[in-house]
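So you can see what is in the structure, the chains are spelled out below.
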Amino acid sequence: MKRRLAALRSGHRRQAPGEPRAVGYLYVLPALAVYAVFLLYPFGQSVWLSFVHWDGLGVATPAGFDNYRDLFRDPSLRAPFAHALLLLLFYSALPVAIGLLLAAVMSRVRVRGMTFFRTVLFLPQVLALIVVGVAWRSILAPDGLLNDTLRAVGLGSLARPWLGDYTWALPAVGVVGTWVGTGLCMILFLAGAQRIPRELYEAARMDGAGPVREFLTVTLPGLRPQIAVALTLTIIAGLRNFDLIYITTSGGPGNATSVPAYEVYHRAFETNQVGSAAAVGVALTVLIFVLTVTVSRLVEGRRS
Amino acid sequence: MTTRLERGVTYGILTLFAVIALTPVAGILSTAFGSPDSLDTGFSLPEGGLHWSNFTDAWSRGHFGTYLGNSVLVTAVVVAATTVLAVLAAYAFGVMRFPGSTVLFYLFVIGLTLPQEALVVPLYFDLRWAGLTDTYWALILPQTAQSLAFGVFWMRTYFRGSARAVIEAARIDGANTWTTLWRVLVPMGRPAISTMVVITFMWTWNEFLMALVMVSDEAHRTVPLGLAFFQGQHSSDASLLAAASVLIALPVVVVYVALQRRFIEGMLGGAVKE
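Line order of the protein sequences matches chains A and B. Each residue of the first sequence is one higher than the one before, counting from 0 in numbering that gives the first Met the number 0. Each residue of the second sequence is one higher than the one before, counting from 0 in numbering that gives the first Met the number 0.
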């Protein structure tokens with residue numbers, strides 16, 4: 000009897016959900032097939048294309064590392080990457096900084112009507128970037144809201160065609176990114192701050208900590224995971240910002256707002272430099288990977 | 000412990016940022032309902048009541064009726080396909096163990112950070128070679144693949160967390176893996192699944208680059224692509240452009256307002272749990 004029970008139990012074990020099952024492959028197969036054909040394989044092809052010269056029509060010729068070397072040598076390729084890094088200040092650093100500052104001020108208050116504020120603050124995240132671009136184009140237009148406001152308060156001399164200005168077009172596009180990202184950061188940090196134990200704040204105050212010290216010793220460490228998430232999401236979004244650039248400036252004036260994401264499209268489909276476009280795409284991928292890994296190492300403390 | 004000042008400052012800040020978030024939206028709305036002849040780019044209340052004519056104009060003259068139809072079709076297929084495929088795969092990754100499962104799962108996770116820009120160039124040449132550019136397939140297949148990265152990752156988290164006891168009980172009742180999934184785990188996982196559905200819906204509806212590259216004929220244009228072309232042709236017609244923008248944003252915003260918790264949860268990748 001005992002032996003039979005044991006046999007029964009081990010029979011159960013063999014079928015237990017945690018045990019190896021070939022049927023798992025069948026469940027994974029359909030998704031994997033679509034994913035492999037339309038995502039993994041094209042990525043592999045991108046890597047291959049980045050090592051050839053090809054105009055999209057004729058025969059591809061081997062290029063070795065030419066396309067990658069150009070990323071460093073060719074000013075028209077260096078600029079987009081420089082722009083992208085500068086834009087990250089607006090797309091990522093600024094929203095995180097603003098979000099932290101506000102979380103610091105607001106963390107002690109239980110907000111009523113938070114659902115309303117959350118819905119409104121997060122709204123920019125769900126709008127199509129094409130729509131966001133159209134809306135901001137009209138704000139930044141020569142006779143748009145921003146210039147009208149400047150003129151109304153007597154600062155008319157500052158008014159300019161923001162998106163057509165060589166110096167100001169890039170920061171102007173950056174501000175749009177800040178608008179998109181700030182709400183997300185605020186919501187992340189507010190939710191995180193609400194979960195920091197009250198006692199920590201009380202202890203800090205008992206020790207005579209002022210608001211700044213309290214922020215540095217309680218709020219900031221308590222928000223580490225949220226900061227990592229915010230940085231990762233905004234960095235990825237900031238480097239994939241094709242839509243916004245296309246609709247607001249198309250990389251112009253000149254190439255003042257050109258970014259890698261736009262350069263891939265421009266080179267592959269407008270100037271027939273397919274190999275170079277692929278190299279930009281692969282480099283962009285590497286940049287995203289390096290930055291996100293760095294963030295999770297630095298901010299989360301090697302727990303990636 | 001909170002003083003009246005702190006409360007005041009907090010609500011002041013929240014209101015300020017709410018206004019900043021809403022200003023461009025309000026601008027688009029006021030322009031969309033404004034007089035079509037007005038050169039004013041908005042922010043004044045429309046004179047002489049609301050002008051619905053901009054919407055009918057965008058619908059007929061701007062062909063937005065056709066574009067919306069295309070967007071609905073593409074989005075519906077991508078969402079349905081992603082949901083079924085992601086649930087199946089995530090189920091296996093979440094509750095079964097088989098050699099190579101970890102490696103396969105990480106292949107899907109990589110897709111979360113892989114930018115479209117690194118795929119779109121070869122995809123275009125592949126699909127053109129297959130004769131699929133300027134068809135709905137060229138929009139559906141790549142976007143399904145890209146949504147699967149999130150779908151599989153998200154659903155696996157759910158299956159991981161779903162109670163082992165439930166699965167065990169179903170098995171003892173004689174359910175095989177297939178019945179357990181569809182009769183027990185999927186009905187239980189409705190919140191997780193609806194989060195995946197709304198996120199995939201939003202991404203697909205808003206997708207621009209893929210449509211721009213894959214579609215050159217007007218018959219297959221989706222709404223974001225339609226708006227971009229519209230801006231190129233009628234950039235001076237601000238009210239028509241704004242009306243078209245409202246038509247594009249409205250479906251997502253309506254779903255978002257109804258299910259904002261699902262949206263935020265999904266977009267923050269489960270980082271915030273309340």
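Among these hints, one or two may not hold up.
What the hints assert, rightly or not - Covered by chain A, per the in silico footprint, the following chain B stretches (three or more residues, Cβ under 8 Å):
| # | segment |
| --- | --- |
| 1 | 5-17 |
| 2 | 71-78 |
| 3 | 121-127 |
| 4 | 153-159 |
| 5 | 181-195 |
| 6 | 241-253 |
To be verified - Computed beta-carbon distance windows for the label pairs:
| # | chain 1 | residue 1 | chain 2 | residue 2 | range |
| --- | --- | --- | --- | --- | --- |
| 7 | A | 25 | B | 72 | 23 to 33 Å |
| 8 | A | 24 | B | 72 | 51 to 61 Å |
| 9 | B | 19 | A | 208 | 26 to 36 Å |
| 10 | A | 223 | B | 163 | 53 to 63 Å |
| 11 | A | 208 | B | 34 | 29 to 39 Å |
| 12 | B | 34 | A | 65 | 24 to 34 Å |
| 13 | B | 19 | A | 165 | 47 to 57 Å |
| 14 | A | 71 | B | 111 | 23 to 33 Å |
| 15 | B | 18 | A | 92 | 35 to 45 Å |
| 16 | A | 96 | B | 156 | 48 to 58 Å |
| 17 | B | 163 | A | 270 | 48 to 58 Å |
Hints are computed from structural coordinates only; laboratory data are not their basis. Quick caveat, the model's predicted, so the values are computed rather than measured. Backbone N, C-alpha and C fix where the C-beta goes; we use that ideal spot for every residue, glycine too.
Now for the hints, and whether the structure bears them out:
1. 5-17: holds (count 9)
2. 71-78: Check failed, 0 qualifying residues.
3. 121-127: Since three or more residues must qualify, the claim that chain A covers the segment 121-127 of chain B holds, with 5 doing so at under 8 Å.
4. 153-159: violated (count 0)
5. 181-195: violated (count 0)
6. 241-253: holds (count 6)
7. 25/A / 72/B: 23 to 33 Å: For residue 72/B against residue 25/A, whose Cβ atoms are near 29 Å apart, the range 23 to 33 Å holds.
8. 24/A / 72/B: 51 to 61 Å: violated (32 Å)
9. 19/B / 208/A: 26 to 36 Å: holds (31 Å)
10. 223/A / 163/B: 53 to 63 Å: violated (31 Å)
11. 208/A / 34/B: 29 to 39 Å: Violated, since residue 208/A and residue 34/B (Cβ atoms, about 58 Å apart) do not stay within the stated range.
12. 34/B / 65/A: 24 to 34 Å: This hint is violated: roughly 56 Å between Cβ atoms.
13. 19/B / 165/A: 47 to 57 Å: violated (27 Å)
14. 71/A / 111/B: 23 to 33 Å: holds (28 Å)
15. 18/B / 92/A: 35 to 45 Å: violated (23 Å)
16. 96/A / 156/B: 48 to 58 Å: violated (30 Å)
17. 163/B / 270/A: 48 to 58 Å: holds (57 Å)
Checked against the numbered hints given earlier, this structure breaks hints 2, 4, 5, 8, 10, 11, 12, 13, 15 and 16; the rest are met.
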